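Trainee: The residues making up each chain are set out below.
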Amino acid sequence: MKKTRATRSAGFTSVDFLFSMVLGSGLVLLLVALTSTLSIIQVAQYMAFSTARAHAAGHETLAQQKDLGTQKFKSFFDRSKNPVLSNLLSNEWFKIDSNSLDLRSGADGKDFNAEYGVDESKKALPNIGVRFQISAPVLEFKIPFVGSTARDQGYKSFITGFIFREPSSEECRLQMKARYDAIIRLDSRFGRIATESDVKPSSYMPMEDNGC
Amino acid sequence: MESRKTVNKFLIQKFNLNSRGQVLIETMLLTVVLIGVFFAISQSLKESRVVQKIVSEPWDKVSGLAESGVYSDPQRGGKHPNSYERFMTPEN
Numbered sequence: 015m016k017k018t019r020a021t022r023s024a025g026f027t028s029v030d031f032l033f034s035m036v037l038g039s040g041l042v043l044l045l046v047a048l049t050s051t052l053s054i055i056q057v058a059q060y061m062a063f064s065t066a067r068a069h070a071a072g073h074e075t076l077a078q079q080k081d082l083g084t085q086k087f088k089s090f091f092d093r094s095k096n097p098v099l100s101n102l103l104s105n106e107w108f109k110i111d112s113n114s115l116d117l118r119s120g121a122d123g124k125d126f127n128a129e130y131g132v133d134e135s136k137k138a139l140p141n142i143g144v145r146f147q148i149s150a151p152v153l154e155f156k157i158p159f160v161g162s163t164a165r166d167q168g169y170k171s172f173i174t175g176f177i178f179r180e181p182s183s184e185e186c187r188l189q190m191k192a193r194y195d196a197i198i199r200l201d202s203r204f205g206r207i208a209t210e211s212d213v214k215p216s217s218y219m220p221m222e223d224n225g226c
Numbered sequence: 410m411e412s413r414k415t416v417n418k419f420l421i422q423k424f425n426l427n428s429r430g431q432v433l434i435e436t437m438l439l440t441v442v443l444i445g446v447f448f449a450i451s452q453s454l455k456e457s458r459v460v461q462k463i464v465s466e467p468w469d470k471v472s473g474l475a476e477s478g479v480y481s482d483p484q485r486g487g488k489h490p491n492s493y494e495r496f497m498t499p500e501n
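Chains as they are written, first to last, in my numbering: chain A, 15 to 226; chain B, 410 to 501.
Just so you know, the hints here were simulated from the structure itself, not pulled from any lab data.
Wrong hints could be hidden among the right ones.
Stated by the list, open to error - Selected chain A positions facing chain B (in silico; Cβ < 10 Å):
{"id": "1", "residue": "18"}
{"id": "2", "residue": "47"}
{"id": "3", "residue": "50"}
{"id": "4", "residue": "56"}
{"id": "5", "residue": "58"}
{"id": "6", "residue": "130"}
{"id": "7", "residue": "139"}
{"id": "8", "residue": "153"}
{"id": "9", "residue": "154"}
{"id": "10", "residue": "171"}
{"id": "11", "residue": "173"}
To be verified - If you anchor each label on the Cβ, the simulated ranges turn out as follows:
{"id": "12", "chain 1": "B", "residue 1": "413", "chain 2": "A", "residue 2": "26", "range": "36 to 44 Å"}
{"id": "13", "chain 1": "B", "residue 1": "413", "chain 2": "A", "residue 2": "38", "range": "53 to 61 Å"}
{"id": "14", "chain 1": "A", "residue 1": "26", "chain 2": "B", "residue 2": "450", "range": "40 to 48 Å"}
{"id": "15", "chain 1": "B", "residue 1": "447", "chain 2": "A", "residue 2": "131", "range": "25 to 33 Å"}
{"id": "16", "chain 1": "B", "residue 1": "453", "chain 2": "A", "residue 2": "26", "range": "45 to 53 Å"}
{"id": "17", "chain 1": "A", "residue 1": "42", "chain 2": "B", "residue 2": "480", "range": "19 to 27 Å"}
Bear in mind the structure is a predicted one, so any value in this text is a computation, not a measurement.
For glycine and all other residues, C-beta sits at the position ideal for the given N, C-alpha and C.
Isolated chain A, as found in the complex (with noise of 0.2 Å):
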């Protein structure tokens, strides 16, 4: 049979190759954005960890605690201290707010039990440490034909790092100094020892081994 245009079959594939390209390259599309974003939450995680353990460790006073976590977590945004982290979070792919850090110590009374459950009643320990949150536009784009991936509320997830926080020196003194007071009310001859004047100052002098 002579084949007339009609019926002709020349450059069906190429259509049909543009075609799955479309849908093809759509998909792969959604996998590259999946995995980036896994891998950028895996560096959150550690920008998270790293500011909870400079939260955490020990200090002068708990406000200075404080100040060394949020330091640590505007750090990763100084292009001068990271150029590399710093692109990466100020694009438009991910966001991460250098301003949303949500530092929590536990002696202020703050902590983030409500967020997770915890029974206060059973005396777990307080989740103590630090939050913030991390979108993704990346995932929200359109795939020709089969519609589009984004949603209201978009595609964000917390990021935390919880470590329980050492005891500043003020701390420390505070509640060395309420243990010493508790022991002298314990009897009266303490007391008398410890500031009244029939003892001589100078031969009664608490010393304790407290670290602080």
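Fit chain B to the known structure of chain A by using the hints.
Mentor: Then chain B, alone, in the frame of chain A:
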């Protein structure tokens, strides 16, 4: 029977009736139908948000994994392991 053949021959000659172009017409009709089916499927996929579900449903679990190491949606009961009740058995 002969008269019917004669009538058919007359009609073919008179009104130029032949089957040329039939393939073209059928191809056009099939194309319209196929394009219609294609767009119907496409619209159906968009309305049912299939692609969105491909990403969002695993994401909810992965976000739980990223947040607290538990492969479960944090909004649906995925708890941080710190909230588990633990017991300790001291050695005697």
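Trainee: Could you run down the list of hints and mark each one as holding or not?
Mentor: Do the hints match the structure? See the list:
At a threshold of 10 Å, the smallest CB-CB gap from residue 18 of chain A to chain B is about 8 Å, leaving the interface hint in force. A distance limit of 10 Å between C-beta atoms decides the matter here; for residue 47 of chain A the minimum to chain B is near 8 Å, and the interface restraint holds. Hint status for residue 50 of chain A: violated, given a least beta-carbon distance of 13 Å to chain B, over 10 Å. With a cut of 10 Å, the hint placing residue 56 of chain A at the interface with chain B holds, because the nearest CB-to-CB distance is about 9 Å.
The interface hint given for residue 58 of chain A is met, as the beta carbon of that residue sits about 8 Å from the closest beta carbon of chain B, less than 10 Å. Hint on residue 130 of chain A holds. Least Cβ distance to chain B is approximately 4 Å, under the 10 Å limit. The interface hint given for residue 139 of chain A holds, since its Cβ lies 7 Å from the closest Cβ of chain B, which is under the 10 Å cut-off. Satisfaction of the interface hint for residue 153 of chain A is found here, the shortest Cβ-Cβ separation to chain B being roughly 6 Å, below the 10 Å cut-off.
Interface hint at residue 154 of chain A: satisfied, since its Cβ lies 9 Å from the closest Cβ of chain B, which is below the 10 Å cut-off. Using the Cβ-Cβ criterion of 10 Å, the hint placing residue 171 of chain A at the interface with chain B is satisfied: the shortest such distance is roughly 4 Å. Checking residue 173 of chain A against chain B by beta carbon gives a least distance of about 6 Å; that is within 10 Å, so the hint holds. At roughly 42 Å, the beta-carbon separation of residue 413 of chain B and residue 26 of chain A lies within the given 36 to 44 Å, and the hint holds.
Between residue 413 of chain B and residue 38 of chain A the Cβ separation comes to about 57 Å, which falls inside the hinted range of 53 to 61 Å. As the Cβ distance of residue 26 of chain A to residue 450 of chain B is approximately 20 Å, the hint placing it in 40 to 48 Å is violated. In this structure the hint that residue 447 of chain B and residue 131 of chain A lie 25 to 33 Å apart at CB is violated, the actual value being about 48 Å. Between residue 453 of chain B and residue 26 of chain A the CB atoms are about 26 Å apart, so this pair departs from the stated range of 45 to 53 Å.
Range check, residue 42 of chain A to residue 480 of chain B: about 25 Å between beta-carbon atoms, so the 19 to 27 Å window is met.
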